[in-house]
Structure formats: C-alpha cells, structure tokens
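Quick note, the sequences are listed as chains A and B, same order. Numbering-wise, our numbering puts 106 at position 106 of the first sequence, and it's gapless, one number per residue. Numbering-wise, our numbering puts 233 at position 233 of the second sequence, and it's gapless, one number per residue.
Because the hints were derived from the structure by calculation, they are not lab data. For glycine and all other residues, C-beta sits at the position ideal for the given N, C-alpha and C. Honestly, I wouldn't trust all of these hints.
[To be verified] In silico BS3-like pairs for lysine-lysine, Cα to Cα no more than 27 Å straight-line: (1) Lys223/A - Lys182/A; (2) Lys26/A - Lys281/A; (3) Lys71/A - Lys241/B; (4) Lys242/B - Lys74/A; (5) Lys242/B - Lys208/A; (6) Lys13/B - Lys135/A; (7) Lys9/B - Lys111/A; (8) Lys15/A - Lys241/B; (9) Lys176/A - Lys249/A; (10) Lys241/B - Lys74/A; (11) Lys5/A - Lys78/B; (12) Lys13/B - Lys74/A; (13) Lys266/A - Lys249/A; (14) Lys180/A - Lys26/A; (15) Lys242/B - Lys135/A; (16) Lys135/A - Lys71/A; (17) Lys26/A - Lys15/A; (18) Lys74/A - Lys182/A; (19) Lys242/B - Lys71/A; (20) Lys78/B - Lys223/A; (21) Lys249/A - Lys5/A; (22) Lys241/B - Lys111/A; (23) Lys78/B - Lys74/A; (24) Lys9/B - Lys15/A; (25) Lys266/A - Lys281/A; (26) Lys208/A - Lys13/B; (27) Lys9/B - Lys71/A; (28) Lys9/B - Lys241/B; (29) Lys182/A - Lys71/A; (30) Lys111/A - Lys208/A; (31) Lys274/A - Lys288/A; (32) Lys5/A - Lys26/A; (33) Lys15/A - Lys242/B; (34) Lys5/A - Lys13/B; (35) Lys74/A - Lys9/B.
[What the hints assert, rightly or not] Reference listing, derived: stretches of chain A covered by chain B, where coverage requires no fewer than 3 residues with Cβ under 8 Å from a Cβ of chain B: (36) 39-51; (37) 63-77; (38) 82-89; (39) 167-175.
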Amino acid sequence: MIEVKHLSKQFGAFKAVDDISFSAGKGEVLGFLGPNGAGKSTTMKMITGFLTPTSGDISVCSNNVLTDPIKTKKSLGYLPEGAPSYPDMTPLSFLHFIAEIRGFRGNEINKRVVDAANRVNLHSVMNRPIETLSKGFKRRVGFAQAILHDPDVLIMDEPTDGLDPNQKHEVRLLIKEMAKNKTIVVSTHILEEVQSVCTRAIIIAHGKLLFDGTPFELESRSKYHNAITLTVQTDSPDTLSDQLMAQLKTLPSVDSVENITTEQGKASFSIFPKKGASISKEVHSCIKTNNWEIDEFHVESGSLDEVFRDITTSSDISAKGALT
Amino acid sequence: MNNILIISKRELKSYFATPVAYVFIVVFLMMTGVFTFYLGNFYERGQADLQPFFLYHPWLYLFLIPALSMRLWSEERKSGTIELLVTLPISITESVLGKFLAAWGFTTIALLLTFPIWITVNYLGDPDNAVIFASYLGSILMAGAFLAIGSCISALTRNQVIAFVVSVVLCFGFILSGFPLVLDFFSNWAPQTILNAISDMSFLTHFNAIARGVIDLRDLIFFISFIGCWLFANVIIVELKKAD
Ligand SMILES: Nc1ncnc2c1ncn2[C@@H]1O[C@H](COP(=O)(O)OP(=O)(O)O)[C@@H](O)[C@H]1O
Ligand SMILES: [Mg+2]
Chain A
1 MIEVKHLSKQ
11 FGAFKAVDDI
21 SFSAGKGEVL
31 GFLGPNGAGK
41 STTMKMITGF
51 LTPTSGDISV
61 CSNNVLTDPI
71 KTKKSLGYLP
81 EGAPSYPDMT
91 PLSFLHFIAE
101 IRGFRGNEIN
111 KRVVDAANRV
121 NLHSVMNRPI
131 ETLSKGFKRR
141 VGFAQAILHD
151 PDVLIMDEPT
161 DGLDPNQKHE
171 VRLLIKEMAK
181 NKTIVVSTHI
191 LEEVQSVCTR
201 AIIIAHGKLL
211 FDGTPFELES
221 RSKYHNAITL
231 TVQTDSPDTL
241 SDQLMAQLKT
251 LPSVDSVENI
261 TTEQGKASFS
271 IFPKKGASIS
281 KEVHSCIKTN
291 NWEIDEFHVE
301 SGSLDEVFRD
311 ITTSSDISAK
321 GALT
Chain B
1 MNNILIISKR
11 ELKSYFATPV
21 AYVFIVVFLM
31 MTGVFTFYLG
41 NFYERGQADL
51 QPFFLYHPWL
61 YLFLIPALSM
71 RLWSEERKSG
81 TIELLVTLPI
91 SITESVLGKF
101 LAAWGFTTIA
111 LLLTFPIWIT
121 VNYLGDPDNA
131 VIFASYLGSI
141 LMAGAFLAIG
151 SCISALTRNQ
161 VIAFVVSVVL
171 CFGFILSGFP
181 LVLDFFSNWA
191 PQTILNAISD
201 MSFLTHFNAI
211 ARGVIDLRDL
221 IFFISFIGCW
231 LFANVIIVEL
241 KKAD
C-alpha cells in the first residue's frame, strides 16, 4: 500500500534523505529505526505530502503523492511528531473539525468523533481546552485525529516519545489492535518497541537505508543471537573455569567461549555458536556428562542495542571517510 | 467551497474561544468613538452625515488589522499545526481563503456593530443613506486589503511581533502611496510608469472615492484584485515555507 522509490530530500547542501526505497503492504507494521537526525521524520513528511521530495517517487494506495496529493491524503492518517493540535480548542471541537474536513456530514460526524474518542479513552476530557491536558491526553487527541476516518495507511512519528511506561504500553496495544487491516508506519528510537509491535524494521542513519527486514532478522545479526549464558557453581572457580572452557570449545557448533565473571563459588560464561547454528543441545549434554552444577542456563535472543549500534555507527565511519 | 467554510468556521470559533475577539471589538468600538466624536467633531460640524466616522478608518485599521492578522499563519507555524493542516485532504488555497474569510468576516462583524451611530445620525437629521452604505462597503473592502497583506506577511514568519510590525509598515505605505512621503522614496530611481502605478494603489484615494458615495467599478476592482494578488502570494509562501 506504500511504495517509496529512490526518495531523496536535500536541505540546501545537506542531504537529509538519501535514495531510500521500500514498500509496505496491508497488515504490516513497519518500524522506522534510527538515531536522532537520521531522516525518519523527513521521510514521513514526504510520504504524507507535507514536504516535497527533491527526487524520487511515492505512492500510497496506488495514488501518487506528488501528482494526486488530495486523494492520497484522504487514505492517510498522520500523527506528526509531538502530536500538534489547536491548544484553545477542546478535543470535542477539534475532532469535530477534523471529521468535517474528512468529509463526514450529519450524524456520521458525531458517530466518528465518539468512536475515535472511545478507542483512545478520551471521553473524560472531551470538553476541556487541549492546552490544559496532560501530555498523554494530548497524544491521544493526536491519535484520535489520525484514526478518525479509519484510514488504510497510518503514519505515526514517535508516537510513544515522552510518555510514561503505562501510556507506552497502551499505545502499543492500540497499534497492534489496528494493525490487522491497515498499513502502519511508526518511527522510534526505542528498540524494544520494534520487537513488541513491528512486523518489519527499517534502519535509517544519515539519510541512508541500512537495513530492511524482520525484527528477528535484526536480532539474528547479533553476536549474542542463540548464544548461551551459563553460570556454574563451584568451590574452585579458576580451575573449573579452565576445564570448562577447554571442554566447551571442542563442541562442533561452538564458535567461542568467553569468561564473563569469576567470583566466590561461581563462574559465568558466554558461549557463542557458529553462524546460524543452535548449541543448546550440545552444551546441555556436555554439562550432563561432566556433572557440573548449574546455576543459570539462558539462551539469548540477541541484543538489538548492539546490532543497532553496529549498523548505525559503521555508517558513521564510512560517512566520515567519504568526507576526508 | 465547503472546505473553505469549514476552515473559516474553525478559525472564527477560535477568535471567540480566546479574549482576542472581545478585546478587538471593544477597542475597535472605543477607537471609532474617540475618532468620531473628539477628533472628528461629529456634533460641532452640525451636519447629518458620517464623514468624520469614516475619515479615520484607514488609520484605525493600520494598527488593529495587523494585530488580528498576525496570528493567522505565524501561530500555525509556531505550534506545528501547519503540518496537520497541510496533510489534511484540502488544498493550501482553500486554507488560505478560509482563514482570510474568517478574519474578514470578523472585521465585518466589528464594523457592523457600529450601527448605533448610523441610527443616531438618522435620528438627529436626514443623512444620505446611500453614501453611508457606500462608505461601509468601502471600509469593508479596505479592511480586506489590509487583511490580505497581514495574512501574507504572517505566513513569512513564526514570530507574531515581526508579522505585526512588517504588516503595519506595509499597510502604512499603501495608505499613503499616492502621497509625496511614499512617492519621494521612489521618484529618484523608478520610471514614471512605476510611479503612476504606485500612486494608483493608494488605499486613501480609492477609499475616499467610494466613501463620497460614488461606487465606481474601478475602485471595487482595485480592492478585489489587490486582495487576490496578496492571497495568491500567501498561497505560494505557505507552499514554499511551510516546513522551515
Ligand atoms: N526544514 C529543514 N531545513 C533544514 N534541515 C532540516 C529540516 N528538517 C530537518 N532537517 C535536518 O535533516 C536531518 C534529519 O532530520 P529528521 O528527519 O527530523 O530526523 P529524525 O526524525 O530521524 O530524528 C536533521 O539533521 C535535521 O537537522
Ligand atoms: Mg524525528
């Protein structure tokens, strides 16, 4: 439903978005990941028709944003960064205005407004000026505005930014609930968010697209993906440590073993598999035959933080290299 | 068309949601009173007409209209709601017209609230009501021209104070553009045709012509096309500068 081809945006001499292409279909929740200033908001602003691209093509629900902006905007719901709305209006009058602009008339207006307000739990503050509302409620007003016309495509720029953990949880539930028959794009720099709501993730840094795949694929790029953290109880940690490391290294699927800590009566290790291999069975039987006393046995899913840092900072270096 | 009205309605409501509307109306009525009765010697002249009332309208508008128009676009830009407005399924032209019509409608309401003075003058004497009607029409048109300038300027900056000051200066220039103060500024370097064009744009000249009771098509066309040009520029500026 969204198709972006070779999209670029230049601000003066500065390239904020550099040749980005991707597409997203129905049922997908696409996460835009990237450090601050990466170009996430700029990309979203171009998709929603706020900014005109320097070059490239965007189509939403098979309408071209550039040649058919009004039609495209009808099929879009957009929550801009910071969820701006008119501070002196009440949520009721604001949503009423949005419903009218979205082309609803008569009873349908009230129905849509009430429906959208209910979905984001806004009913208790409908008649208070928006400027007097808390951050969480202001965000909900923005949500209600974006989903009021039940759009096929929903674009949200950092929807959970600045919310407390409970509010973040609510927002994620809402996104999941709406995901079934829509295409949703959310930007974030919170990695756990990608794991909990997105079906696909895109990493952008310095305006360039550096990764496009599932959150699982992203995890599996981690050194820690399928690695095992093992803690063993022992009276003489140092001797056992050496013995254990030597033994584990002989296992066919094990790539390397690292000693994390050795303290009084305990030793911890990270065991890394060879690429793509699973080592839990091998390690487990090795433990059995040696009769080690296990305190902790944990298969890691991978550290997104690490992959994220890896992907975005390696481009840092190449960007700097290109300059010098 | 419908979208324009929806935008106008929202804008107009927001005037009345804050003290802006009431302050504007009260100040407007007070000032017209002061100008008419003190400076204009309404009673002392002993004539049944509203000439002293309309005489000072250009000067009243010079400060009051930019105060009204300065927020039209600056505020949208400052609060970020312009991103919302531009990504709604309406054109920028519709937004510009909607906002302008709201401000113009509001000024018209304020102006119509001066009706007691019309009643008074009919009670005291036997004025030429056709002239008064023409003067009201001219005043409304001139207010529209001021507003179009103000709206366009407010799209240029997110700072309302700057929008106000620049609008006042421009409006002042257009009030007096047929007079030496402004013409001297150009006469050293601009060719005669441009000087003529500038002096033809004087609000004062066109307004006074209409206020004499002669509704000349040329004066009407002047104000309407003047408003059109500034609003056209307004659309272009919003289009180009919306994201800055
Ligand atoms: N209107 C603008 N003019 C100039 N530079 C801009 C403008 N908007 C964004 N930028 C720059 O483009 C880069 C990308 O910004 P943005 O898309 O907001 O990043 P993100 O949303 O990923 O944090 C930033 O370096 C920002 O300073
Ligand atoms: Mg951003």
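Hints, verified against the model:
Between the alpha carbons of lysine 223/A and lysine 182/A the distance comes to roughly 34 Å, so the proposed pair goes past 27 Å and is violated. For the suggested pair lysine 26/A and lysine 281/A, the alpha carbons sit about 39 Å apart, so the restraint of at most 27 Å is broken. Distance check on the hinted pair: lysine 71/A and lysine 241/B sit about 23 Å apart at the alpha-carbon level, within 27 Å; holds. For the given pair, lysine 242/B sits about 20 Å from lysine 74/A by alpha-carbon distance, which is consistent with the 27 Å threshold.
Only pairs whose Cα atoms come within 27 Å are accepted, and lysine 242/B paired with lysine 208/A is accepted, the gap being roughly 24 Å. At most 27 Å may separate the alpha-carbon atoms for a hinted pair to count; lysine 13/B and lysine 135/A meet this at roughly 24 Å. Under the criterion of a C-alpha separation no larger than 27 Å, the hint pairing lysine 9/B with lysine 111/A is consistent with the structure, at around 21 Å. Restraint check: the Cα-Cα separation between lysine 15/A and lysine 241/B comes to about 18 Å, which is no more than 27 Å; the hinted pair holds.
In summary, the hint linking lysine 176/A to lysine 249/A is not supported, as the alpha carbons are separated by about 43 Å, beyond the 27 Å threshold. With a CA separation close to 23 Å, the supplied pair lysine 241/B and lysine 74/A stays within the 27 Å bound. At most 27 Å may separate the alpha-carbon atoms for a hinted pair to count; lysine 5/A and lysine 78/B exceed this at roughly 32 Å. The straight-line distance between the Cα atoms of lysine 13/B and lysine 74/A is roughly 25 Å, inside the 27 Å bound, and the hint therefore holds.
Restraint check for lysine 266/A and lysine 249/A: the C-alpha separation of about 20 Å stays at or below 27 Å, so the hint holds. Restraint check: the Cα-Cα separation between lysine 180/A and lysine 26/A comes to about 8 Å, which is no more than 27 Å; the hinted pair holds. With a C-alpha separation of about 25 Å, the suggested pairing of lysine 242/B with lysine 135/A holds against the 27 Å cut-off. Annotation: proposed proximity of lysine 135/A to lysine 71/A is violated, straight-line Cα distance about 32 Å (limit 27 Å).
Of the pairs offered as hints, the one joining lysine 26/A and lysine 15/A is violated, with about 30 Å between alpha carbons and a cut-off of 27 Å exceeded. The straight-line distance between the Cα atoms of lysine 74/A and lysine 182/A is roughly 14 Å, inside the 27 Å bound, and the hint therefore holds. With a CA separation close to 20 Å, the supplied pair lysine 242/B and lysine 71/A stays within the 27 Å bound. At roughly 46 Å between alpha-carbon atoms, lysine 78/B and lysine 223/A are farther apart than 27 Å, so this suggested pair is violated.
Only pairs whose Cα atoms come within 27 Å are accepted, and lysine 249/A paired with lysine 5/A is rejected, the gap being roughly 47 Å. Distance hint between lysine 241/B and lysine 111/A is unfulfilled; the C-alpha atoms sit about 36 Å from each other, more than 27 Å. Taking the CA atoms of lysine 78/B and lysine 74/A, the gap is about 25 Å. The hint holds against a cut of 27 Å. For the hint linking lysine 9/B to lysine 15/A, the alpha-carbon distance of about 40 Å lies beyond 27 Å, and the restraint is violated.
Restraint check for lysine 266/A and lysine 281/A: the C-alpha separation of about 22 Å stays at or below 27 Å, so the hint holds. Between lysine 208/A and lysine 13/B the CA atoms are separated by roughly 44 Å; this puts the pair beyond 27 Å, and the hint is violated. About 23 Å separates the Cα atoms of lysine 9/B and lysine 71/A, which keeps this hinted pair within 27 Å; it holds. For the proposed pair lysine 9/B and lysine 241/B, the alpha carbon gap of about 25 Å is at most 27 Å, so the pair holds.
Only pairs whose Cα atoms come within 27 Å are accepted, and lysine 182/A paired with lysine 71/A is accepted, the gap being roughly 17 Å. Restraint check for lysine 111/A and lysine 208/A: not satisfied, since their Cα atoms lie roughly 43 Å apart, outside the 27 Å limit. Between the alpha carbons of lysine 274/A and lysine 288/A the distance comes to roughly 22 Å, so the proposed pair stays at or under 27 Å and holds. Only pairs whose Cα atoms come within 27 Å are accepted, and lysine 5/A paired with lysine 26/A is accepted, the gap being roughly 18 Å.
Only pairs whose Cα atoms come within 27 Å are accepted, and lysine 15/A paired with lysine 242/B is accepted, the gap being roughly 19 Å. Only pairs whose Cα atoms come within 27 Å are accepted, and lysine 5/A paired with lysine 13/B is rejected, the gap being roughly 42 Å. Using a Cα cut-off of 27 Å, the hinted pair lysine 74/A and lysine 9/B holds, with the two alpha carbons roughly 21 Å apart. Under a criterion of three residues with beta carbons nearer than 8 Å to beta carbons of chain B, the stated coverage of the segment 39-51 of chain A is upheld, 5 such residues being counted.
As drawn, the segment 63-77 of chain A meets chain B at 5 residues by the rule of a beta-carbon pair under 8 Å; at three or more, the given contact holds. Remark: the segment 82-89 of chain A is confirmed as covered by chain B, as 7 of its residues place a Cβ nearer than 8 Å to a Cβ of that chain, reaching the required three. With 0 residues having a beta carbon nearer than 8 Å to a beta carbon of chain B, the segment 167-175 of chain A misses the requirement of three or more and the stated coverage is violated.
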